[in-house]
Amino acid sequence: MLRKLFKFHGGVKPQTNKERSTTAPIAAVPLPDRLVIPLHQAVGGHPRPLVQPGDRVFKGQRIGGADGNLSSAVHASTSGLVRDVAPAVMPHTSGLTTLSVIIEPDGEDRWGELDKVNYRSTPPDELRDFLRDAGVVGLGGAVFPSYLKLKPGKEGKLKTLVINGAECEPFITCDDMLMRERAGDMLKGILAMRHMLQAEEVLIGIEDNKPQAVAAVQAAIAASGQSGIEAVAIPTRYPAGGAKQLIRVLTGIEVPHGRRSTDFGVQCFNVGTAFSIYEALELGRPLISRLVTVAGNVDAPRNYDVLIGTPMDHLVRLAGPRADTDRYIMGGPMMGVRLPAFDVPVVKATNCILVGSEAMFPAPAPEMPCIRCGECAKACPADLAPFELYWFSRSKNFGKAQEYHLFDCIECGCCSFVCPSHIPLVDYYRFSKSEIWAREREKEAADAARDRFEFKNHRQEREKLEKAEKLAAKAAATREKVAADGATAPAAGSDAAPAAKPAPDAAKRALIEAAMEKARQQKAQAAPRNTEQLSPDVQAEIADIEARREIVAKPAASPLPPQDA
Amino acid sequence: MFTALFVMTGIALVLGAGLGFAAIKFKVEGDPLVDKIDAILPQTQCGQCGFPGCRPYATAIAGGEAEINQCPPGGEEGIRKLADLLGREFKPLSEEHGVEKPKSVAIIDENTCIGCTLCIQACPVDAIVGAAKQMHTIVAAECTGCELCLAPCPVDCITMEPIAETVDTWKWRYPVFQIAPAALGTARQEA
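In the order they appear, the protein sequences are chains A and B.
Quick note on full-length UniProt numbering: the first sequence kicks off at 1 and runs consecutively.
Quick note on full-length UniProt numbering: the second sequence kicks off at 1 and runs consecutively.
Quick caveat, the hints were computed from the structure, so don't treat them as lab data.
All residues carry an ideal CB built from backbone N, CA and C; glycine is no exception.
Keep in mind that the hints are not guaranteed to be accurate.
What the hints assert, rightly or not - Okay, the calculated beta carbon distance ranges per label pair: (1) A/Ala-385 x B/Gly-16: 44 to 50 Å; (2) A/Pro-87 x B/Arg-80: 33 to 39 Å; (3) A/Ala-363 x B/Asn-111: 50 to 56 Å; (4) B/Tyr-174 x A/Gly-156: 23 to 29 Å; (5) A/Lys-400 x B/Lys-25: 33 to 39 Å.
As the list claims (entries may be wrong) - Simulated pairs of lysine to aspartate or glutamate, DMTMM-like, Cα-Cα distance not exceeding 20 Å: (6) A/Lys-443 x B/Glu-100; (7) A/Lys-443 x B/Asp-156; (8) A/Lys-470 x A/Glu-480; (9) A/Lys-433 x B/Glu-165; (10) B/Lys-36 x A/Asp-451.
Could you build all of it, start to finish, from the sequences and the hints given here?
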């Protein structure tokens, strides 16, 4: 059947550079001396550490528990000794540290006990919890926890499940190799997802520059005998691997601003995610390794099955980096980020380590003024006006930038790629986005502080009022009591008092007397009472002591002057 | 001629009544300008501006009793926003009211704290937890960094710690091209 395909707006055709890394099969990586596993890998919270330095861990043991709704668990990638739980530099442009578990492998690579799950007989909620605790996240690059996406929309079922094998970014071939070598297992993962989402049809989108992958997946589908699953070769055009772009190409649906694809009955997953879901459900293995392409300035570009936490330089050494290597880029040349160091660990988001040098990626030509040619708008796959966003970001006019839908920008880099003035447009957008997020955080903090300040003032006012009321009520009660007493007892005495004496004065005196009486009573009550019920012996002893005291006091008082005189 | 006069008077009366009605019906409570100014102020409630809180300062600005450059936590950016909103000229931060500092939180040294509750009373946003003769501690997430708790502490056990940047709060820098040292050298030679 020939499927009708659609086109997305814009896009570019950079040189793919994929051939060299697909010549050799996926290779294993020898265990490194130590693994550094950052606990914060996916978007959302920071998983809390579940191990302490000195603990022994099994391969696949959970070392970081999911924290909050947007988080997923982290696991030990091999068996060994936990050396430390400490901040370590993470693979992020900032070069900042994050809490990481540092494991010294014992070389045995021994799995712990593995729980498998039959997805057909398990309720969906339990399955999602299972996947969260298995640490399955989107391996396409966004590392969004997959269990959150495995919920069918309001209708309870999905029309189309899109599986993303487009892999449009130059140099990266890990999805290609996965489909070539592990199509059957990947398909099992897809079937599990299809079951969870109750999807009518499954479309696996693969760019047509990967004919072997398409053939492998089609063969696997034919072998499984399932219907309603199709591997579709789509035209090679960057960024066909963007979720919204791939959905557009395969189904013709354009997901508008502020909506989700599930509103239109479509959900999109990466092929790598499908494979890790298969491993989690059918083998009980949590996500502890992934395929990583090592390409660029190396002698033998290749794909490796890498344990999460492996230092990147350990991995790159296998591919033979050339002498002039001066940088690692995580991701591809279009969207990748330059890393702060060579020994940062491979994380779940690492699909490619692009080894670079000055000769391979020369510094961009100096930024020239924008000449308003509009090439960027022609290339933008999100239908934005990049030059407008650039103006507003450059002048820090963030409100306007948001009005022009800055947050629909997927940072694919097409605009920078075509810009004849070499303007690093995406850098401006990233700057704008993070400034806007920071401002929002500040605004929320300010609003919370205002509320708390107002509440504190309100509380203080209320406490003052309450205190005053209490005092007033007490005073009124005493006054009443005195008035009641005065009406009976001192009736005779008031006759004797001069009639000219003002009434309030009398009332005041009565109040004072009442207060003094009360104080006297309290004093009497507070006096020690352990002398009331005593045996005659003790009583006699006390009397004896008192008598002696008197004897001592009398002569002392008369001959001696007081000490302090 | 009288007809015209009556018609005009009639229209005037009807419109006047309409306006009068609208003025009562849609009366704006409070000063909306104060709200707008208050939204720009950082809500640290530190009182460095000389007013007891951000809102009183906002009211004073709106009433023309205070300058717009008296808020150190708001910094230069805050002054620019106020200048934009009020159509006034930008002024640098007034020195007598303080200097702009990096955002910080207060930290109580728990070994020294004697549990006197004085800082709890001073905290404008109730961000300090403790009781008499019990150790106090600061809820860092609620602390605005106003420094009002520093002065009342009899044992000086409170310090201000600048908030460190984390991966979650890290920001992409403004794209600036570094001028290569070689270019700088030649420029100097030319100069």
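Here's how the hints hold up against the structure:
Distance hint for A/Ala-385 and B/Gly-16: a CB-CB separation of about 49 Å, consistent with the stated range 44 to 50 Å. Range check, A/Pro-87 to B/Arg-80: about 36 Å between beta-carbon atoms, so the 33 to 39 Å window is met. Range check, A/Ala-363 to B/Asn-111: Cβ separation about 52 Å, and the 50 to 56 Å hint holds. Checking the proposed 23 to 29 Å range against B/Tyr-174 and A/Gly-156 shows it is violated: the Cβ atoms sit about 47 Å from each other.
A hinted range of 33 to 39 Å holds for the C-beta pair A/Lys-400 and B/Lys-25, which are about 35 Å apart. Taking the CA atoms of A/Lys-443 and B/Glu-100, the gap is about 18 Å. The hint holds against a cut of 20 Å. Of the supplied pair hints, the one linking A/Lys-443 and B/Asp-156 is violated, its CA atoms being roughly 31 Å apart against a limit of 20 Å. At roughly 15 Å between alpha-carbon atoms, A/Lys-470 and A/Glu-480 fall within 20 Å of each other, so this suggested pair holds.
With a C-alpha separation of about 17 Å, the suggested pairing of A/Lys-433 with B/Glu-165 holds against the 20 Å cut-off. Between the alpha carbons of B/Lys-36 and A/Asp-451 the distance comes to roughly 16 Å, so the proposed pair stays at or under 20 Å and holds.
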